[in-house]
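Trainee: This is what each chain is made of:
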Amino acid sequence: MENQTQAWIVKEDEAEKASNAYLMSLIAIIAGLPLPIINLIATLIFYLGNRKGTYFIRWHCLQALLSQLSLLFANSYGFWWTIYIIFGSDHLSSNYFAYIFTLIIFNVVEFIATIYTAIQTRKGKHVRWFLYADICDLLCKK
Amino acid sequence: MKILSQIFLMLVLFFGCIFLLQKVDWMSLLNINQVSKSSEEKLGDTIWEYIKNDGKEIENKGLSEPIDSLIQKICGANDIDANQLKVHLIYNNEVNAFALPNNHLVVYTGLILAAENEGEICGVLGHEIAHIELKHVMKKLVKEMGLSILLSLASGSGNGDKLKEAIKYLSSSAYDRTLEREADLKSVKYMQKAKIDVEQYAAFLYRLGSDEPEAMKYLSWVSTHPDSRERANYILAQRGMGKIKCQAVLGPQSLQQMKDLIEGINN
Chain L
30 MENQTQAWIV KEDEAEKASN AYLMSLIAII AGLPLPIINL IATLIFYLGN RKGTYFIRWH
90 CLQALLSQLS LLFANSYGFW WTIYIIFGSD HLSSNYFAYI FTLIIFNVVE FIATIYTAIQ
150 TRKGKHVRWF LYADICDLLC KK
Chain B
5 MKILSQIFLM LVLFFGCIFL LQKVDWMSLL NINQVSKSSE EKLGDTIWEY IKNDGKEIEN
65 KGLSEPIDSL IQKICGANDI DANQLKVHLI YNNEVNAFAL PNNHLVVYTG LILAAENEGE
125 ICGVLGHEIA HIELKHVMKK LVKEMGLSIL LSLASGSGNG DKLKEAIKYL SSSAYDRTLE
185 READLKSVKY MQKAKIDVEQ YAAFLYRLGS DEPEAMKYLS WVSTHPDSRE RANYILAQRG
245 MGKIKCQAVL GPQSLQQMKD LIEGINN
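Just so you know, the protein sequences line up as chains L and B, in that order. Throughout the first sequence, residue numbering follows the numbering used here, covering 30 to 171 in sequence. Throughout the second sequence, residue numbering follows the numbering used here, covering 5 to 271 in sequence.
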């Protein structure tokens, strides 16, 4: 993750909306914790609602969306594995715990990064995440 | 190219993390295996002692030996250690058999009386062995009663009502549909490997499923298990079209002798 000084001036409302994209995913994580899809839907709705916004807003909405998307697959797998253990015939194993602890590590890192980015974006700073920033550069047209 | 290498790096990080965490024996570290295994042993023995105290256990070689030989046949063909199973025959007119924790398998005499051939008994025995092998028994008890109550029963501090409740859950109510299906399909595999006619098991379900309502009170195993006809259908579908040359263990005469022995106890 890097803080980059952008060539353009970010207006107050732009910074607020861009920051809200990250806040949206945080609130959705808390609200829909057991269901990994809810935070993705929330950020997707927010992205679609702002797709006609300025480049800064769109770029950050997309970065928030992509960050949710990548963890969705990993979280969904963990979610259904847990359901299968509770209601199906699978049982607890060291492999299951290894997977769940990996998920916890990645989710906590993502959670902290999201809070940090929401704060910095609110100040009008352009925070670029590893991998997602480059994909956003490709997908988001100026 | 840069993005691809970043994705690759991310995947290496994710799976590397899983790989490293897999090196830790979490089951021992979190004390999960030990708790469940010793608790299961104590719980199973406590429940069995409670059932045994009713004084209806039959220790007649003429009945236990044929049942053992059927179990040996199923287990032998499926690499299951038959010695780990603790089979008990109980005098009861209900058509029932059920598994308890710690590999106890209880068979009611009503099942033998209702069976027309050994395949029918084998199907039910295979189904219950499958519940044991697939570790459904503890899962069901934990779900129905909660872990804390089970642990208190296992430690001997639970009350008799809770023990009765556990027996009721295991003997007179079915597992959920998915687990029942899994046990049925596993039973079919066991029977096929042991060269036992699967069709007889399906026919048994059909026959008992369509019995008169008054008779249903004696058919716990069928009435509490979901939709016997549907089960018979998927059992036949699982069996497939291939013909297996079946080998009988008991034969009709031995089965009749068993029934006569039970009737003798009745009189």
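Source of the hints: derived by calculation from the structure; they are not laboratory data. Beta carbons are placed, not taken as given, at the ideal position from N, Cα and C, and that holds for glycine. Hints are not guaranteed to be accurate.
In silico DSS-like cross-links for lysine-lysine, where the CA-CA straight-line distance does not exceed 30 Å [claimed, not checked]:
(1) B:LYS41 - B:LYS56
(2) B:LYS197 - B:LYS56
(3) L:LYS81 - L:LYS170
(4) L:LYS81 - L:LYS152
(5) B:LYS193 - B:LYS249
(6) B:LYS6 - L:LYS170
(7) B:LYS60 - B:LYS168
(8) B:LYS6 - L:LYS171
(9) L:LYS81 - B:LYS172
(10) B:LYS249 - B:LYS41
(11) L:LYS154 - B:LYS60
(12) B:LYS6 - B:LYS90
Pulled a few chain L residues facing chain B out of the computed Cβ check, cut under 10 Å [what the hints assert, rightly or not]:
(13) ILE58
(14) TYR84
(15) LEU98
(16) SER99
(17) LEU101
(18) PHE108
Trainee: For a quick check of understanding: which of the numbered hints are violated here, in increasing order?
Mentor: 2, 9, 10, 11, 12, 13, 14, 15, 17, 18
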